[in-house]
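Chains as they are written, first to last, in the numbering used here: chain A, 1 to 210; chain B, 1 to 631.
Hints are all accurate, no fakes.
Below, a list of computed lysine to aspartate or glutamate pairs in the EDC-like style, where the Cα atoms sit at most 20 Å apart:
no.: 1; chain 1: A; residue 1: Lys41; chain 2: A; residue 2: Asp191
no.: 2; chain 1: A; residue 1: Lys41; chain 2: B; residue 2: Asp485
no.: 3; chain 1: A; residue 1: Lys113; chain 2: A; residue 2: Glu142
no.: 4; chain 1: A; residue 1: Lys41; chain 2: B; residue 2: Asp482
no.: 5; chain 1: A; residue 1: Lys190; chain 2: B; residue 2: Asp535
no.: 6; chain 1: A; residue 1: Lys190; chain 2: A; residue 2: Glu38
no.: 7; chain 1: A; residue 1: Lys41; chain 2: B; residue 2: Asp484
no.: 8; chain 1: A; residue 1: Lys41; chain 2: A; residue 2: Glu120
no.: 9; chain 1: A; residue 1: Lys41; chain 2: B; residue 2: Asp481
no.: 10; chain 1: A; residue 1: Lys190; chain 2: A; residue 2: Glu68
no.: 11; chain 1: A; residue 1: Lys190; chain 2: A; residue 2: Asp156
Simulated restraints, written as ranges between beta carbons of each label pair:
no.: 12; chain 1: A; residue 1: Ala163; chain 2: B; residue 2: Pro198; range: 54 to 60 Å
no.: 13; chain 1: A; residue 1: Lys190; chain 2: B; residue 2: Gly619; range: 38 to 44 Å
no.: 14; chain 1: A; residue 1: Pro178; chain 2: B; residue 2: His528; range: 36 to 42 Å
no.: 15; chain 1: B; residue 1: Gln146; chain 2: A; residue 2: Ala163; range: 50 to 56 Å
no.: 16; chain 1: A; residue 1: Ser75; chain 2: B; residue 2: Asp586; range: 28 to 34 Å
no.: 17; chain 1: B; residue 1: Ala483; chain 2: A; residue 2: Ala163; range: 32 to 38 Å
Since the hints were made in silico from the structure, they are not lab data.
Glycine included, C-beta positions come from ideal geometry on N, C-alpha and C.
What follows is the residue order along each chain.
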Amino acid sequence: METLSRRPATLRQPTLSEIFPETAVDAAAPAFALAHLEAAKGPVLWIQDRLSLREAGRPFPPGLGTCEVLHLQVSRAIDVLWAMEQGLGCPGLGGVIGEVWGTAPAVDFTATKRLALRSEAHAVPAWLIRRGALPELSAARERWRLGALPARPMPDDTRAPGAPLWSAELFRARWRAPGRWVAGHDPQGKDLVFGHAVGMEAAEAARAMA
Amino acid sequence: MPPRGPRPFRPGRTTMSGGDKLPVLAFPAPSASLPRPRAADPRQLAQATEALRQAVQGGPAAGRIDTAPPAPDKSASDQPVHEEIFTPVGIPSRRAGSRAPHEQVRGAAVTALPGGGIDATGDAAVARRILSLHLPRFAIERWQAQAAHRGEVLPEGTPLALALEGPHGPVIHAVNDVAQALGLAPGARVVDMRAICPELQTRFADPRADAAALARLMLWARRWCPWTAVDGADALVMDVTGSDHLWGGEAAMRAEIEARLAGLGLTTRMAIAPTRGAAWALARFAPAICGPEELTAHTDPLPAAALRLGAATVQTLDRLGLSTIGALRAVPRLSLARRFRAGLPEADPLLRLDQLSGRTPEPIDSPDDPPRFAVQARLPEPVIDPVPHLPALAEELCAGLVAAGFGARRLALALYRIDGEVAQAQAATSQPTHDPAHMVRLFEGRLDGLDPGFGFDLITLAALVAEALPTRQRRLDGAADDADDLARLIDRLSARFGVRALTRPLPAPSHIPERQVLWLPALHVTPHRFVPRPDRPLRLFEPPEEVRVLYAVPEGPPAQFVWRRQRLRVARFAGPERIAPEWWRDRPGTRLRDYFRIEDHTGRRFWLYREGLLGDGRGAEPRWFVHGAFA
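Same shape as in the complex, but just chain A (with noise of 0.2 Å):
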């Protein structure tokens, strides 16, 4: 089948998304938020709620590639929300991701709505990463269901694993339609690739991407 690949961020507007992983403790969610970043454009403000810094892990500089971080701790999801408003207002940064944990009453129709329209008007992408939480009424413009896959064999090591690959599974989108791929970093080019569509056409797959 075709590769269907693009340069997220280049393509579409900044906006906020939201990222449910599959399970709760794997670094697919904020790799796949990363990838969607461009590193050059600033630094990131990484916002993290006390139980996500605690069961997920705080992150590790020397795997994030070239990206920049600034951290931030707090310690409960309203502060987050707050956080991230603030960060979605300096176009100075290149992304904000904020991690809540658990269903948050805070993170409503409204305060997601707040976050969309703060990051389209700044040109700040923003993600939201709701580890243990079910997706519920949210303004976020697209919303993804995300998990690991087996990595891409090691050329040099058949029982080691590769480059990884996540089953992103985009199940409410404003401006496309929704669709499930399998994504992974281009072994080459480093940039995000969307490799094929699962359960759906050619041409549907096609016009999701478009």
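Keeping the supplied structure of chain A fixed, place chain B upon it in accordance with the hints.
Leaving out everything else, chain B in the frame of chain A:
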């Protein structure tokens, strides 16, 4: 005297390099041959001012001329006659080589009279009262006060030393009294002193913090007199001329200073003398209050080290048999000038002697008070909500900051309740700012939880720390600067969630993953780039979580492990990557780590490590930990 013969006379020279031809040389030779404007040298200016005053008064100047070296032949001089009056005793007005040799001999003969040219100093030079305040145990006492504040209490009778890193290991910087009684002294190596005193406790000294604390103490000491300055690493010098009567005389003032500093836990030694050099010497070697007449009597018995000379110079003087100031004073000036013709004041006994006796003035360069920015609003009626008053206060404060060319780095807001309670809030900024809107936003949300009681009637806003902030050209298109925006975001987030909550990673030289990254407050740290490593996880668990692992003993890869009550099968693995403990930091017995990158049967990738080897003599069974998660 150095074995150096007189050099041949060279008429064309205008600079002074052959010092032998000169009668007296009290300060280093000018380096440039071009004549420089006299006003450029503050010391000469001070001398000229003093001499002018004496010339106007008449009396002292007449006494000085007797002991002055003879004026050079006026026919040979191209300078005006009054130059000689402006020049204090002992310093030649001209240094050109156009001087007849016989005058040199006469000059030397006059100054060679015992006690001749030195004791007869001008009255004005010794009319000042200088207080030298030596804090001999400042570093250790500051550390002890801080330790008591932290709650770190050493048992009574523990010898303690503060150490600094030296080229061959730590060197003692300061000792407490127990250690001093045991014979430990600053300057010795810690390992040597451990041999003398095995129970010696050592901590690291912080000379920069000491210097900052001394500078603060210097400003605080302006309660006694307006002219204070830091003098070296452990002393202050104060010009108390005309201030002592406010404290009931010099003795009472000295007792007051002693009592106040003792209240701060500081040991003091101080002396008041007419000159800075004498006060320095007396404070260290014989604390006393010394009047102008007793200057010679007080200082003569002191050792030569009391002259603020370098160790090498003191040693040379000792070898020459000049162990006291009195002995040095008896030496002809010409001989001293010949022997110690050095550039630095620490190596010039004659200059130091002149400073001690007041022949060479040594004014105290007292730094200005740091500017203080604070505004207040006295409200006619108590208010419950102080927030509407903040913008006006911030604007007033910023107007003051802008006028002085400063920006605030730390702000303090104090709200005074009418029943006497005071509520305070502080905010810091990562860059100096004088933007009122930004200041108000820093306190946004911080005043919500305050209990207003019956209301606030006084609000003060102060810039606790201010830094110079020159006006700067903004971008021409009027757009905001990205860097400015980012700095303000950092300020706001730090003000709201605390300085420790917003952090930036800083690379640290270590191989142990959790020590590779220091998360430091973003308010104080500039960004650093990390070298990306594909074999490192995206996230790190803090601390590593122990797991039960099924593996091929002794060094095989993990096959299956139980983590967070889930049984995970290892599908693929890469490794091991061995990371050895850092023997220079870790406790003895710390075990090595073998890291494996694994992928479980559902496709999640983790970073596992086995701590230790079976039979490495550092514990029983090796333990396994999950340390990170890969993308």
